[in-house]
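Asks: These are the residues of each chain, in order.
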Amino acid sequence: MTTATANKVKAPKKGFKIDRQMIPTLAAVVIFILMIIMGQAMFGTYLRLGFVSSLFIDHAYLIILAVAMTLPILTGGIDLSVGAIVAITAVVGLKLANAGVPSVLVMIIMLLIGAVFGLLAGTLIEEFNMQPFIATLSTMFLARGLASIISTDSLTFPDGNNFNIISAEIKIIDRPKISHDLTINVGVIIALLVVVFGYILLHHTRTGRTIYAIGGSRSSAELMGLPVKRTQYIIYLTSATLAALASIVYTANIGSAKNTVGVGWELDAVASVVIGGTIITGGFGYVLGSVLGALVRSILDPLTTDLGVPAEWTTIVIGLMILVFVVLQRAVMAVGEKK
Amino acid sequence: MAEKAKEEGNALVKKLLSNNLTWSVLAFILLVIVCTIFQHDFLALSWNDNTGGLAGPLITMLQESARYLMIATGMTLVISTAGIDLSVGSVMAVAGAAAMQTLSHGTNVWVSILIALAVGLAIGCINGALVSLLGLQPFITTLIMMLAGRGMAKVITSGQNTDASAVAGNEPLKWLANGFILGIPANFVIALVIVILVGLLCRKTAMGMMIEAVGINQEASRMTGIKPRKILFLVYAISGFLAAIAGLFATASVMRVDVVKTGQDLEMYAILAVVIGGTSLLGGKFSLAGSAVGAVIIAMIRKTIITLGINAEATPAFFAIVVIVICVMQAPKIHNLGAEMKRKRALKAQAKAVAA
Numbered sequence: 000m001t002t003a004t005a006n007k008v009k010a011p012k013k014g015f016k017i018d019r020q021m022i023p024t025l026a027a028v029v030i031f032i033l034m035i036i037m038g039q040a041m042f043g044t045y046l047r048l049g050f051v052s053s054l055f056i057d058h059a060y061l062i063i064l065a066v067a068m069t070l071p072i073l074t075g076g077i078d079l080s081v082g083a084i085v086a087i088t089a090v091v092g093l094k095l096a097n098a099g100v101p102s103v104l105v106m107i108i109m110l111l112i113g114a115v116f117g118l119l120a121g122t123l124i125e126e127f128n129m130q131p132f133i134a135t136l137s138t139m140f141l142a143r144g145l146a147s148i149i150s151t152d153s154l155t156f157p158d159g160n161n162f163n164i165i166s167a168e169i170k171i172i173d174r175p176k177i178s179h180d181l182t183i184n185v186g187v188i189i190a191l192l193v194v195v196f197g198y199i200l201l202h203h204t205r206t207g208r209t210i211y212a213i214g215g216s217r218s219s220a221e222l223m224g225l226p227v228k229r230t231q232y233i234i235y236l237t238s239a240t241l242a243a244l245a246s247i248v249y250t251a252n253i254g255s256a257k258n259t260v261g262v263g264w265e266l267d268a269v270a271s272v273v274i275g276g277t278i279i280t281g282g283f284g285y286v287l288g289s290v291l292g293a294l295v296r297s298i299l300d301p302l303t304t305d306l307g308v309p310a311e312w313t314t315i316v317i318g319l320m321i322l323v324f325v326v327l328q329r330a331v332m333a334v335g336e337k338k
Numbered sequence: 000m001a002e003k004a005k006e007e008g009n010a011l012v013k014k015l016l017s018n019n020l021t022w023s024v025l026a027f028i029l030l031v032i033v034c035t036i037f038q039h040d041f042l043a044l045s046w047n048d049n050t051g052g053l054a055g056p057l058i059t060m061l062q063e064s065a066r067y068l069m070i071a072t073g074m075t076l077v078i079s080t081a082g083i084d085l086s087v088g089s090v091m092a093v094a095g096a097a098a099m100q101t102l103s104h105g106t107n108v109w110v111s112i113l114i115a116l117a118v119g120l121a122i123g124c125i126n127g128a129l130v131s132l133l134g135l136q137p138f139i140t141t142l143i144m145m146l147a148g149r150g151m152a153k154v155i156t157s158g159q160n161t162d163a164s165a166v167a168g169n170e171p172l173k174w175l176a177n178g179f180i181l182g183i184p185a186n187f188v189i190a191l192v193i194v195i196l197v198g199l200l201c202r203k204t205a206m207g208m209m210i211e212a213v214g215i216n217q218e219a220s221r222m223t224g225i226k227p228r229k230i231l232f233l234v235y236a237i238s239g240f241l242a243a244i245a246g247l248f249a250t251a252s253v254m255r256v257d258v259v260k261t262g263q264d265l266e267m268y269a270i271l272a273v274v275i276g277g278t279s280l281l282g283g284k285f286s287l288a289g290s291a292v293g294a295v296i297i298a299m300i301r302k303t304i305i306t307l308g309i310n311a312e313a314t315p316a317f318f319a320i321v322v323i324v325i326c327v328m329q330a331p332k333i334h335n336l337g338a339e340m341k342r343k344r345a346l347k348a349q350a351k352a353v354a355a
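These protein sequences, in sequence, are chains A and B.
Using numbering that gives the first Met the number 0, you'd call the opening residue of the first sequence number 0 and step up by one each time.
Using numbering that gives the first Met the number 0, you'd call the opening residue of the second sequence number 0 and step up by one each time.
Okay, chain B solo, but in the shape it has when bound (with noise of 0.2 angstroms):
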């Protein structure tokens, strides 16, 4: 009976352990430990009475957050099919940019945040096209447009970065990156609602399934009645679309877009979060669970690197060797050298019982 219960918690450990969102999770309160251990009050949270919600390290880390769940679910998606978007950084610059131009021209700040969200569905629709239709590589078409796109957001400003601050009327886009609901950050709140309802649409219906058919063969896809154009083109413009929020809430939480700034080295941050998610990114199986907590777990990094004091500018070079660990950790190498060992740790076995 004992045996049995423990044979049973053992598989649970084992599915546990074999859960990639485990080791997520795990990392990301490592990481909260460590920023503990260097600045005791960092789990504090206080109630705020002037902006009406709750204060404290964790909670402006996930105000921060809620731009890379943004621009990692649509990567994700896109990543899923085998593909990628290098544009969700300029598409969130030219997104700002577009929205803080035309708040600073008078535009009701509703239209200016349609005009935002239409700008960046646009581009991922031109994206979408030039890889559905014209057959281009998805690395090269969105290249260029994390190039093009870039020079865009500067055109739309005339190469100024554009402050609306002082503008009237601006609230609602003010309240969208720095507001709460409930006590808990707005953009926080709001970016999981989309990703909870990108994640509904691709697991309640066959959306999810779709686009991983898609993945793994797009010439077999087709042959099973999917339609893969339509599929590609689709994901594009909803990782444009959701890159499009992203900028919205990095440039209104100071009112200001920086038309070189704003969303930069941000497709890396994407890329990265989706691979901490497990993502696969050859394509053809995708979490989208996976990547939020990699969101998180990216914006995590970023709280940490600050709490601990290290140079801003060292960042690239401390996400890039949490990228090399784990692309490594999930190379069939080192896979199989658990496998190997445990071979031999069998044939081993299997000698002493036969020398016995």
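Okay, chain A solo, but in the shape it has when bound (with noise of 0.2 angstroms):
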């Protein structure tokens, strides 16, 4: 009985509560739906299961540092190494790989490398006290740098690796027309693993409730006991991995790589993340929001172009939405705190 009461009481308080800090998620959502719909409209090709497919399929490396960037970005840091690591990583794969070393061990290699950038990221802002920002960037200068200095051409993967496999089409559905086929491929089933794995990480176990405390209040993470040294460890390691994970599966679908890969992929991985609701300064957010946030980004190519936008024009777009949903957020958190 007491109890029963209890949570009636409770229920509608954290409704709301819930229901303000999710306007910008629900924002994104009803973006989403509209751009889909206008795309729908006016060319007609948006609802097409082939168009859902390559949407998918091309942008299943951005879907993954979305969920990489999530981590860091909860703790109110960031971690703008994402996108160089992916070039070095690529860089050196696809070199081994055309070496003659066996696909499984570059795999191995290429997540190795992006941890070790990840555990330098953590080393220094815990360690030695560096901003997030600053250690981020100064490692993606270093992994930039290494990569152009390993190879500055354009590489392609030899013929019969393994990597085909991750860009192996599955059809799911298969009808006569292709643009009317539902396909898939190892690469967007990585990212749908990831994804599931971020959400398990940040709801399901104590690390992610970590992660989120760290967001709220750092010292008072702090005084309660959690474990916050390893756990930034753990984010900024995660995130540097993953980004290897996104190399693997971008260079096995593109099948070639240079050492300019993933320039600005930090910031459209920000952009995903901060679309989705994830509030900049840290603390509330979810992964899904981020996934959403990384289709909205990934749609606005498609959208741009058929609009008959001109390419300069796309990062003015981008930089403005990413403004509007910052606006918003701001505008959600100025109005919970006069109430």
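These aren't lab readings, by the way, just hints derived from the structure by calculation.
Please note that a few of the clues may not be correct.
These stretches of chain B come out as covered by chain A in the derived footprint (C-beta under 8 angstroms, 3 or more residues) [what the hints assert, rightly or not]:
id	stretch
1	131-138
2	147-153
3	305-319
C-beta atoms are modelled at their ideal positions from N, C-alpha and C, and glycine is treated no differently.
Once you've looked at the hints, go ahead and assemble the two chains, each given alone in its own frame, into the complex.
Replies: Okay, here's the thing in structure tokens:
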């Protein structure tokens, strides 16, 4: 009886609070649906299964990066090195694959390189009190520079390597017209697994709870005796390793890479996370929101092309879009503070 | 008597050693020595009658350092309010694009310069308004501007790399980047004058103290009667304006804007110059002189990379290592290490004294 009343009293209050915080995420849902409807109404291709398939296949890497970026942003930090880690792992991976190293070994080495950069960022942040922003900016430049030292050529995978397994298309719904087929590849499956991993990590483990606690207030988290330092290491290690995974998925899909691959991807990932409703100062957000943000970001490219927006304008549109969402978050927070 | 003199000397040495500027100057001299070893005539200066100024590797270095001086000065003010301005590189591109595009469409060169400066100031004001009025995070605000600014530069030139070198009457702009005043590069002199003006504005009036107060605690500064919103707005506006000047320097030296490469990665260099100069990234304390030396060191590092024949592609990695080393040196842990060792030594001495 008492518990029931307690629940009754608590429930609406809790519901209201989440509603307010969720406004940016809900706005992203609305915008995503509007974009699809607009695309469908104007060009009639946006609801085709073929379009959906290519959206996921071409942007599997962005979904992985968005999940990776969610972790540091939830703590109020940031990982600017993801794009550069994609570049260095791609260049090293392709070099090794061309040298005849077995694909499985290549992938493991790529993941390890990512992990090393994550560990470096974590050490700089935790042991030497660098701000996450500066620490990952320097690992970003380090990774980008090393990638350029290793090779500035456009590298292509040799024939008959096992990276093809990741990019091999699996037809789920086979129809006479290719544009109506629903196809996925292993890269998409990996991306979905990463999303599930991120969801479980953040919402069903102690580490996840600590991440939210750090975002709320680091000193409070420390005073509560939570393993803040260890968690910070885990965060930057995970985000960098996931960036390496994104690199594997991307290079397997494209089949080639250069040292300039991934320039500006960290901004795309930040944009996805912010559009998805994660608050940039940390403490609140969801992995699923970031996935939604990544989809909004992905659909922006075909939509602007179809609408005939000049390529120069795309970055302005994306910039304005992030701005709108950040302002929206700020407004929601300001309303909350007043109440 | 002699002891006293020695003590005084020690105090002076200690003061010098603890000063960040000393280390920066030492680093600069070290770089010059390294360059001289590799290229024996590195320090050689000659008079070039054609340009009416000095010529030599050091002079080209000074010429390049002018743009870093500008963005580092703006960045110093922004960082000391506990903010950051990531848009400086993009603002350079926008301002450069505006100048080149208007110039190639037959606008008077002075009007072009004014337009470029106005564009930079406008972007700075937008940054300032978003940060101060809406209370957005400086980091994300200027990140958006960095993204959008690149786009704006491309929109202005419709994606082209506008070249205005053939336009008649572009001499004033050319002089701005390649000219000489009393044999010293004009852009370096102008940059230095601007840095000194900003320095006077900050240190001879209460401006500097207000900026630092906002950086330490915005709410507390408001309670002491400072208007933090105005100060925040002002520093971002100044940063945008100075970045526009840097953009003019960068584009005018070749009279061509490269919408992708002009100002690329320069926000990193500016932050680095500020960090080398001893300004805390947490805000609340700044040294314009330190940042100015930092900016010259940045130019010197770039010159060193070229002189040593290191692959240009490796530049980012080189800079990353410099940042990491500097930040690690500034870390409290390393500082405490020295204090800890001193404490242990003192304890040992004490133990010895007791034993004796």
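Asks: Are three or more residues of the stretch 305-319 of chain B within 8 angstroms, CB to CB, of chain A?
Replies: holds (count 9)
Asks: Closer than 8 angstroms, Cβ to Cβ, for at least three residues: run that test on the stretch 147-153 of chain B against chain A and report holds or violated.
Replies: holds (count 5)
Asks: Do three or more residues of the stretch 131-138 of chain B come closer than 8 angstroms to chain A, measuring C-beta to C-beta?
Replies: holds (count 5)
Violation of the numbered hints given earlier is absent; every hint is satisfied by the structure.
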